[in-house]
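*Asks:* Sequence:
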Amino acid sequence: MSSSTPGTAGKKAKAATEAKAASGGKASAPRKAATGARAAAPRKAPKAESHLAMVRRARRINRELAEVYPYAHPELDFRNPFELLVATVLSAQTTDLRVNQTTPALFAAYPTPEDMAAAVPEEMEEIIRPTGFFRAKTKSLMGLSAALRDEFGGEVPGRLEDLVKLPGVGRKTANVVLGNAFGVPGITVDTHFGRLVRRWKWTDEEDPVKVEAVVAGIFPKSEWTMLSHRVVFHGRRICHARKPACGACPIAPLCPSYGEGETDPEKARKLLKYEMGGYPGQRLSPPADYPGKPAPALGNG
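Residues 1 to 301 in my numbering are what the sequence shown lists, from first letter to last.
Some hints here could point you the wrong way.
Quick list of in silico lysine-lysine cross-link-like pairs, PhoX-like style, CA-CA up to 25 Å [what the hints assert, rightly or not]:
1. LYS165 with LYS221
2. LYS165 with LYS201
3. LYS221 with LYS270
4. LYS221 with LYS267
5. LYS243 with LYS267
6. LYS243 with LYS221
7. LYS270 with LYS293
8. LYS47 with LYS201
No lab work stands behind these hints: they were computed from the structure.
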């Protein structure tokens, strides 16, 4: 026999009804909270870009850069393979501008490998001092000049395997010389090139040789040399390391890293360098089709 009475049961039912009413529907709160959590949850990450899609995007970037920089060129002044080789060795840890301001005096004193191999080290060091690391560079230049004199008849070889055997000459320098003095396609992976291809998600490799191999697999060989110039031009003029001018970038729609730099168009335009910003370039003797101003000689600006 139950100890509850009809009156007691009625009171319990009434109390339950009043409690529910007083709660303002709080009983359903957990469900609403769950729904809200689902609504606030971040969307799923976009599907990873396929290799084919990346290749197509990379090639489109190259085409766009070709339109922006139809005048892209090596930014070292040179008149022959020997001068380009020497200038490229000197460009380590300094700017092409500083090299270009230094080499006129250097080549006036030592116009041939034979002359440079017979130089007085202290005299050469004084000439190339503005480029930094002048003692080590003097040693490399005299060593490679002696090798050219003794092993290659005073001529710069046109093969990668020969160039990289010369003192102070690595793959980057060899590819610069091959591509621009001999017309042999090569990819030049300098600081700018490596930085931009990683920013564009073509590769995440850090080692220059691995970067070169990856990029070589994306583009036909005929594009390698000019691709190198275009990417380096873009890195020096717009896509800077610390403050990329995203708001003034012509390939912004193709860049997965858009927004890392200044996106306001007016502020971004103030970050542009060299001819893009209306300033002198890096060459004292630029190609005829270069739209910017020649760089000043050493001591003139």
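*Asks:* Against this structure, judge whether each hint is valid.
*Replies:* Against the structure, the hints:
1. LYS165 with LYS221: OK: LYS165 and LYS221 at ~24 Å, within 25 Å.
2. LYS165 with LYS201: violated, 33 Å
3. LYS221 with LYS270: violated, 36 Å
4. LYS221 with LYS267: Cα-Cα ~38 Å, so violated.
5. LYS243 with LYS267: holds, 11 Å
6. LYS243 with LYS221: At roughly 32 Å apart (the allowed maximum being 25 Å), LYS221 and LYS243 break the hint.
7. LYS270 with LYS293: Holds, at roughly 18 Å.
8. LYS47 with LYS201: Since the Cα atoms of LYS47 and LYS201 sit roughly 15 Å apart, the hinted pair holds (cutoff 25 Å).
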